[in-house]
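> Required output: the full structure, derived from the provided sequences and hints.
In full-length UniProt numbering, the protein residues as written are 1 to 74.
Please note: incorrect hints may appear among the correct ones.
With a Cα cut of at most 25 angstroms, we get these calculated SDA-like pairs of lysine to any residue [stated by the list, open to error]:
hint: 1; residue 1: Lys11; residue 2: Pro34
hint: 2; residue 1: Lys5; residue 2: Phe47
hint: 3; residue 1: Lys52; residue 2: Arg36
hint: 4; residue 1: Lys52; residue 2: Val16
hint: 5; residue 1: Lys30; residue 2: Gly48
hint: 6; residue 1: Lys30; residue 2: Ala40
hint: 7; residue 1: Lys30; residue 2: His68
hint: 8; residue 1: Lys11; residue 2: Lys52
hint: 9; residue 1: Lys30; residue 2: Gly20
hint: 10; residue 1: Lys52; residue 2: Met65
hint: 11; residue 1: Lys5; residue 2: Asn39
hint: 12; residue 1: Lys5; residue 2: Pro34
Hints were generated in silico from the structure; no laboratory data involved. Predicted model only: the values in this text are computed from it and were never measured.
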Amino acid sequence: ETAAKNDETAKRLMTVRGIGPIISTAVIAKQTEPERFANARQFAAYFGLVPKQNSSGEKVRLGKMSKHGDAYLR
Numbered sequence: 001e002t003a004a005k006n007d008e009t010a011k012r013l014m015t016v017r018g019i020g021p022i023i024s025t026a027v028i029a030k031q032t033e034p035e036r037f038a039n040a041r042q043f044a045a046y047f048g049l050v051p052k053q054n055s056s057g058e059k060v061r062l063g064k065m066s067k068h069g070d071a072y073l074r
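Written out as structure tokens, the structure reads:
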């Protein structure tokens with residue numbers, strides 16, 4: 001928690017709902033540049049934190065969490 005309080009990137013990451021000191025420091029440790037993501041959806045998708053989409057025809061179904069992305073951060 002001390003490392004997160006002293007790092008500017010960690011402070012910015014912690015402004016996002018659901019991201020605390022542990023996740024923010026883990027993202028920094030994985031050398032991920034949050035600036036490269038246009039929005040929170042892209043950020044979540046990169047780490048596999050979005051539901052898998054199972055759609056056919058006109059029906060849109062969201063399934064379980066995808067297994068894509070970094071397993072440690074997921």
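> All hints, please: hold or fail.
Against the structure, the hints come out as follows:
no.	hint	in the structure
1	Lys11 with Pro34	holds, 12 angstroms
2	Lys5 with Phe47	holds, 23 angstroms
3	Lys52 with Arg36	holds, 23 angstroms
4	Lys52 with Val16	holds, 22 angstroms
5	Lys30 with Gly48	holds, 15 angstroms
6	Lys30 with Ala40	holds, 18 angstroms
7	Lys30 with His68	holds, 16 angstroms
8	Lys11 with Lys52	violated, 30 angstroms
9	Lys30 with Gly20	holds, 16 angstroms
10	Lys52 with Met65	holds, 6 angstroms
11	Lys5 with Asn39	holds, 23 angstroms
12	Lys5 with Pro34	holds, 17 angstroms
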